[in-house]
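Can you build the whole structure from these sequences, using the hints too?
With the working numbering, you'll find the sequence shown wraps up at 974, consecutive numbering, no jumps.
No wet-lab data here; the hints were simulated from the structure. Check the hints yourself; a few may be wrong.
Below are the DSBU-like pairs computed for lysine-lysine, each with C-alpha atoms no more than 35 Å apart in a straight line [stated by the list, open to error]:
| hint | residue 1 | residue 2 |
| --- | --- | --- |
| 1 | K953 | K805 |
| 2 | K953 | K833 |
| 3 | K966 | K856 |
| 4 | K856 | K946 |
| 5 | K856 | K833 |
| 6 | K946 | K966 |
| 7 | K856 | K953 |
| 8 | K966 | K953 |
| 9 | K805 | K966 |
| 10 | K946 | K833 |
Ranges between beta-carbon positions, derived for each pair [unchecked claim]:
| hint | residue 1 | residue 2 | range |
| --- | --- | --- | --- |
| 11 | N892 | I939 | 31 to 39 Å |
| 12 | E860 | E973 | 26 to 34 Å |
| 13 | D810 | D889 | 21 to 29 Å |
All C-beta atoms in this analysis are idealised placements derived from N, C-alpha and C, irrespective of residue type, glycine included.
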Amino acid sequence: MIKAYIMDEESIRRALLRITHEILEHNEDIKNIALVGIRTRGVYLAQRIAENIKAIEEVDIPVQFLDVTPYRDDVTRELPKQNLYLDVVNKNVIIVDDVLYTGRTVRAAMDALIDYGRPATIQLAVLIDRGHRELPIRPDYVGKNVPTSRKERVTVHLEEVDGKDEVLIEEE
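This is how it looks when you write it as structure tokens:
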């Protein structure tokens with residue numbers, strides 16, 4: 803059951819543009835940036851940020867995806883080969899995801915990245931930070947902070963996957 807609509811297409815666009823500017827301000831050598839989107843929606847958000855960087859700085863930033871499922875601490879599976887061909891060694895890697903909640907997905911993403919080498923830095927960009935952290939993880943770039951209860955779910959819809967851009971809160 804939908805409780806509230808909190809972002810529409812235009813507010814998502816503005817939030818990603820603001821995140822892009824913050825990334826550019828924080829990272830002097832933009833050619834040393836690598837964007838890594840967490841599957842599924844983080845990949846599309848990372849692609850949009852890369853497009854914004856290209857429009858502003860005329861620099862192509864590599865975008866890769868990362869499936870963190872095998873690295874999660876609540877799933878026991880054999881570790882597959884990742885579809886990550888990005889050289890992360892000494893890069894400023896920016897992990898991109900749609901919603902930050904407990905922090906466990908981001909921890910899994912950091913574990914996966916380390917398997918490919920040691921980045922210079924790992925930064926985190928999220929469209930929504932809903933709180934309720936279980937791990938000491940804090941995003942560097944946030945589109946919107948949305949206080950929620952644990953009984954609520956934040957749902958992000960993106961044009962590339964869902965046919966529309968919106969963020970809503972649902973009752974579980």
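Here is how each hint holds up against the structure:
no., hint, in the structure
1, K953 / K805, "11 Å, holds"
2, K953 / K833, "42 Å, violated"
3, K966 / K856, "23 Å, holds"
4, K856 / K946, "23 Å, holds"
5, K856 / K833, "11 Å, holds"
6, K946 / K966, "18 Å, holds"
7, K856 / K953, "39 Å, violated"
8, K966 / K953, "25 Å, holds"
9, K805 / K966, "18 Å, holds"
10, K946 / K833, "27 Å, holds"
11, N892 / I939: 31 to 39 Å, "22 Å, violated"
12, E860 / E973: 26 to 34 Å, "45 Å, violated"
13, D810 / D889: 21 to 29 Å, "37 Å, violated"
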